[in-house]
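Place chain H on chain R using the hints.
Protein sequences, first through last, are from chains R and H.
Terminal number for the first sequence in the numbering used here: 344, no gaps in between.
Terminal number for the second sequence in the numbering used here: 344, no gaps in between.
In short, the hints are calculated from the structure, not lab data.
For each residue, glycine too, the CB sits at the ideal point set by N, CA and C.
Please note that a few of the clues may not be correct.
[Said to hold, decoys possible] Okay, the calculated bits of chain R under chain H, using three or more residues with CB under 8 Å as the criterion:
1. 75–88
2. 195–208
3. 217–223
4. 250–258
Protein chains: 2
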Amino acid sequence: MKSLPKHSGAFRVFALGALLALATHALAQTDPLPSWNDGAAKKAIVEFVQTTTTQGSPQFVPPAERIATFDQDGTLWVEHPMYSQVMYILESVPALVKAKPELAKVAPFSTVLEVLKGDRAAISKLTMPDLEKLAAATLTGMPVATFQAEAKKWLAEAKDPRWKKPYTELTYLPMQEVLKYLRANGYKTYIVTGGGQDFVRVYSEATYGIPPEQVVGTAGGTKYGYTKDGKPFLTKEPKILLNDNNAGKPEGIHLMIGRRPQMAVGNSTGDQQMLEYTKAGDGARLSMLVLHDDAKREYAYGPAKGLPATKVGALTQALYDEATKKGWIVVSMKDDWKKIFAFE
Amino acid sequence: MKSLPKHSGAFRVFALGALLALATHALAQTDPLPSWNDGAAKKAIVEFVQTTTTQGSPQFVPPAERIATFDQDGTLWVEHPMYSQVMYILESVPALVKAKPELAKVAPFSTVLEVLKGDRAAISKLTMPDLEKLAAATLTGMPVATFQAEAKKWLAEAKDPRWKKPYTELTYLPMQEVLKYLRANGYKTYIVTGGGQDFVRVYSEATYGIPPEQVVGTAGGTKYGYTKDGKPFLTKEPKILLNDNNAGKPEGIHLMIGRRPQMAVGNSTGDQQMLEYTKAGDGARLSMLVLHDDAKREYAYGPAKGLPATKVGALTQALYDEATKKGWIVVSMKDDWKKIFAFE
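In isolation and in its complexed conformation, chain R is listed as follows:
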């Protein structure tokens, strides 16, 4: 009789495969959302992902249709005391005034110089048309590549006044986990922001793992032209193509993505229509609202639920009531998030 090995090669290959399968299974059992406390919100996210990605589930969504959209300010990162991009606009004024000294005595540029000199109260003098004027002056009129370099430089140097950290470190760890969890399950994650599309695209890949082509934001036109030596380039124009707020969010999603998201997350009235549009689709859809109710670890503002009112990222009682009525999930930062920032 020929001597046979106790475990034949074929068996070992099989055993190796089984081992790999076990390891994969073990990984799948690891908590994908470790910074979330157990509760309705975490449960809803996990159930949504499982129900839409498990083959044979009645609410299975084919990989190509797995789209999840996230507001940025107040949803993925801190928006108080002021949106980061507004800080960029204000802090870009000195360089602008240096290049055009005649602006130093002209409002709203003069007002911004007062604010930056320490007169924080002067900020309340700035009206919406003032901000639009400042935005046009600091965000447009230059080649796209120049803007990208300037924004990148500012992001590397600027610090949030409370945590003294770069803005890009003030992202919410629980939301970073949701982004990764969704992507690990075949979802394409998008930012759909009222902020400037070109601004957010500068850091979205490094900060959130979201590539520029998956950032939908308030977008201006560009103009194609040539340098003196014939090299083509694009100049940022002071012309708004998409105001990606309120109804502009579903409109922007249609323009840039062309599909209704399976999941959407926001935190303020500017996200209302995106959450409505998402939840109104067929099958399993998840709409979520982040409630800033943690004054100690982050900020507390509403005015929903009696929280202090704010002009920056308001979540009204009416929106809160709509969320409850329509089965959206409200995430309490205080109760649902074990940890808010990675640096904690």
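This is chain H only, laid out in the frame that chain R set:
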């Protein structure tokens, strides 16, 4: 001495791995572009893909930056005698007139009815403002979902007059191979078309394997609203946000993708700026022009190279000369393509 198997389990696992590696290598050696004749164009495509995707190559492009953009009409599918979407617009007029009988006697609707009754010469009466009026009447004013259903129905029924086949079968097999070859090498493939973004998105996934979010086209606005029972929906508005032709192509690429492509392919003057913009980037960039010089198997038109002039997808001698001067690759349908359609 213990009896040892001639080939231990570990060796067999190794051997299996080596076999798999060999098989992969063999697959890589298979011609990725079998419908292309050997020549400068095929060589340029293969070299471009190898040089940008081989680790260690000085012109290696990280996977996230691998973007390739393709014009559609005349580049990916037949555009003569008339763009498919114009046929859709014309053939949608009878249903429009049925709903609004008063239009039957009003130009340009009456002119279209003459054309459809067989008076092909009447088509020359249609001016650009006429076409815009017809486009607004047939492509806007309805919910997005209604438009998508109507376009889908038309695409399933309409036939090209020469081959008597659905338009979606008149795609160029050699270009389908390029799309697949690029995707197999980590490229994201985009359509960047002067045609309607919403129209092309209806069939892009089934026809080219390109999902809706990777179609950039001439895009109109939409308006968010609610049905009587409160369900949100978007209505197509007669307002152009992006005219994705000529300079509008690089502008649209910036708006929708936010990166400069590594490779771009077009066939007419409407693609000039996209090809310039692409080729002007750093590192290895490939710009290609398809020359319709095969009257027998498809169509022949220029007016470049003395080919007949056309109003539909003209490739001027000036553009041909620019291609030569700037190192773009000109693809001759006659000489470079072994086979034009899959159904041949």
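Q) Which hint numbers doesn't this structure obey? A) Checked against the structure, the only hint that fails is number 1, while the rest are satisfied.
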